[in-house]
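Engineer: When you line the sequence shown up against the working numbering, it's residues 2 to 395, in that order.
Careful: at least some of the hints might be erroneous.
[What the hints assert, rightly or not] Here are the in silico distance ranges between beta carbons for each label pair: (1) F247 <-> T32: 14 to 24 angstroms; (2) R100 <-> D18: 35 to 45 angstroms; (3) R285 <-> E350: 48 to 58 angstroms; (4) D134 <-> D388: 49 to 59 angstroms; (5) A169 <-> V341: 29 to 39 angstroms; (6) P138 <-> E350: 49 to 59 angstroms; (7) S355 <-> D388: 42 to 52 angstroms; (8) R358 <-> Q137: 16 to 26 angstroms.
Just so you know, these hints were derived from the structure itself, not from any lab.
Yeah, the Cβ is synthetic: ideal placement off N, Cα and C, and Gly gets one too.
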Amino acid sequence: MSDGRADGSSGPTPHLDTLALHAGQPPDPATGAVSVPIVLSTTFAQRAPGEHQGFSYTRTGNPNRAQLETSVAALEGAQHGYAFASGMAAIAALLQTLRPGQRVVATADLYGGTYRLLERVVRLLGVDVVFVDVGQPAAVEEALATETAFLWLESPTNPLLKVVDIAALARLAHARGALVVVDNTFATPMLQRPLTLGADVVVHSTTKFINGHSDVLGGVVVTSRAPLAEQLAFIQNAGGAVPSPFDCYLTLRGIKTLPVRMARHVDNTEHLAAFLAQHPQVERVHYPGLPEHPQHALACAQMTRPGAVLSIVLRADGAGTRRFLSALRLFSLAESLGGVESLVSYPPEMSHASMPRELRLAQGITDSFVRISSGLEHPADLVDDLDRALSATK
């Protein structure tokens, strides 16, 4: 795995904007092609048994996947990266490094798919799973009092957009021998680099902002911890939940524009947050960029910018919220986020439907809760669409 230099040489690491264009993507040595070729071959000729040119079988390794892994690892400042067929496949592979009797302490404010995997799969395999409010240090300390393998964090969280103090929690976890995992999907390395804050592992759903075009599923795990990397490489090969070469190529193409896309995404989200915060039909806006957000100061210190996803609670019941969702024209009502087009989702029946209703309500995910992913459209058009749809809630 590359050390972050696009050409693998020593020297100062380029800026993120440069890494997004060059890390893992040098011109093709065979042809000079600037756009990396797609290597669709499932198998590779060997000079003799076990003597090959770095690749033997595409499940085990493929040039396009290696390029993607190098690119994301470089952006996060990691030594090792492993790409998977989806974000959940990446998370599942990381959790497969655990053994029965080990413990995972996870933030209670968690993506519904991760909650489902931990609660209904990992727990049944004999791993102790504990959910805590990681904003309460005493609760985290109590949970970590029992030997813990992973402290599992999201920041900002999905869908409440809470920001967690990664550096402080990493110190707490490391003092008790636990590794810190951060799902950095919402921020991307353009806005936040958890490894520089003390985290040990970063996971991404590359389906979201990293690919950014709503057309490729993918996930990645990066780390600089060699023993864990060795386990991940084995699981990736043994389990085979790997992305296709074409998917890797498309995701790499998305990474090339990640810096400029994230800048526009955040510009639009800040604009929408300011508009929604003063709208009479909106009870509350969850967005770290607003001064009234409980972790606004932490977000300013920990992130370069406050992100491109926000959530709102409407002054309407469930029926009124459904009218709002149906009245939107530019915002597509759809699962996922982070694409070039604006999306709106309804967590109670979409991303967090796998959580029991009482748990969702305890977290604040009510029937009036909506998550918004700002795309790259003109912000005035997005405001007009939201304003018109909000009038339908009356």
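Engineer: Which of the numbered hints are not met once you compare them with the structure shown?
Structural biologist: Structure breaks hints 3, 4, 6 and 7.
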